[in-house]
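**Student:** Chains C and W, in that order, are what the protein sequence lines are.
1 is the number of the first residue of the first sequence in this note's numbering; add one for each residue after it.
1 is the number of the first residue of the second sequence in this note's numbering; add one for each residue after it.
Hints listed in this document are in silico derivations from the structure and should not be mistaken for laboratory results.
Glycine included, each C-beta is placed from N, C-alpha and C at the ideal position.
A couple of the hints might just be wrong.
Unchecked claim - 20 Å max Cα-Cα, derived SDA-like pairs, lysine to any residue:
#: 1; chain 1: W; residue 1: Lys4; chain 2: C; residue 2: Asn218
#: 2; chain 1: C; residue 1: Lys280; chain 2: W; residue 2: Lys105
#: 3; chain 1: W; residue 1: Lys51; chain 2: W; residue 2: Lys4
#: 4; chain 1: W; residue 1: Lys105; chain 2: W; residue 2: Lys83
#: 5; chain 1: W; residue 1: Lys4; chain 2: C; residue 2: His321
Said to hold, decoys possible - Covered stretches of chain C, going by a simulated chain W footprint (3 or more residues, C-beta under 8 Å):
#: 6; stretch: 59-69
#: 7; stretch: 106-113
#: 8; stretch: 149-160
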Amino acid sequence: MKTQTETPRAVGTSTSQLPQLAHARNPGMALDLDWVAAVQANTSAIERRAATLPGRRSVKKDHQAAWLLKAITLIDLTTLAGDDTEGRVRRLCAKARQPVRAELLDALGMPVITTGAVCVYHDMIETAVRALEGTAIPVAAVSTGFPAGLSPYRLRIAEIGESVRAGAREIDIVISRRHVLTQNWQALYDEMREMREACGQAHVKAILATGELATLRNVARASLVCMMAGADFIKTSTGKESVNATIPVSLTMIRAIRDYQDRTGYKVGYKPAGGISKAKDALTYLALMKDELGDPWLQPDLFRFGASSLLGDIERQLEHHVTGRYSAANRHPMG
Amino acid sequence: MTIKEIFQSMEYGPAPEASTEAVVWLERHGRCFGHWIDGAFTAPGSTFATKNPATGAELAQVTQATAGDVDTAVAAARRAQPKWARLPGHARARVLYALARLVQKHSRLFAVLETLDNGKPIRESRDIDIPLVARHFYYHAGLAQLLASNFPIARRLGFAAR
């Protein structure tokens, strides 16, 4: 931080992955408490749909390979550990630049692809930005006292500004869960509004920490309030709760996104995070997005996976598609 | 479509259900069927074609039943009934349970055959119709097992075709 200048570092040339360029950025709206109070979530129906979805969609062979490649372009390749070092972040960024071995891509007839973004803690932003120079891959930073969001409010807001100045183009903020649990929607709205303003041009993902919100109705209402306050993305979890992204929670959140678009015309992105580590899970999430929201939500400007080990499993499946054999997981290190 | 094209379009893939097993079964019976009476197929009588509505192709020739066929079937059922009535509940349950298991064992064949025959989506025949058949047999196996203890006054009324 001490070496940072006041202007954000110029990163690459393309900003095609920023949502505000592909779609009109969600400006938010005034808090509509009647709408929030009217939101319901039918838990049994949601669980039933979530249970039947995985067996219903056919994505096999070439389609599976193509969908898995798409999933890679949607990954926010993440390292959020206390023992992160610059070396680890640089290796992760190298993986983000070339997530799949060149000979596999050749065999699949695909051009070079990259992951959707790299997601790190604030102190690693500078390292990541430097390691990704010359690419279009944005750096995302977790902020506002991640993961609990209980540090002094003033510092949480200041942290966003620091991260944006350090070169982060996407900010993952955590909401105050207590505002949801006590139904204090006005406080949640005000907090989210201020955080969005602090982000400026960087796009903001609101982490709801759904594993701590108790009910699906709370999840639906919190999603809606965050979108009203101008969130560009809503995101399930920090990855640090005991329960992270699940299909029922995802269904609840993306239906809130659909309602918001129906009412306001603005598209808000979705990011499930935590616990998605298998290629099969990734395909289920993609089918869910395609069914519920449509093809625009299969692109990195409106959909991301928050994941670290997912990429290794996908690469393993792609290798199987090409060679007919599975390799050991340790042949696909993350960095 | 190439992988690159699918990567752009993000379409679902086709989901063909292999009909090989069902076709082999049809061929084994010469694609010509009599009636199932008294534990065996009768010789084909006056037949008509049953077609695959998706393609219009003929699947097999099946026999048009006559009043005589019905009489034969009823007579066979009457012959079988006393022995069945003498069986205690748990012995009947074993038979019904075995039937349910056999339906499950061959469920894919039944589902594909059903879809070939009447053109309904495979999801319906595979995930709803055939599992329901098996569940009916399981249900009645359960009832038979409880016959003596829970339905002590139950008496036979006759028999019914299913």
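**Student:** Which constraints among the numbered hints does this structure fail? Numbers only, ascending.
**Tutor:** Per hint list: 1, 2, 3, 4 and 8 violated.
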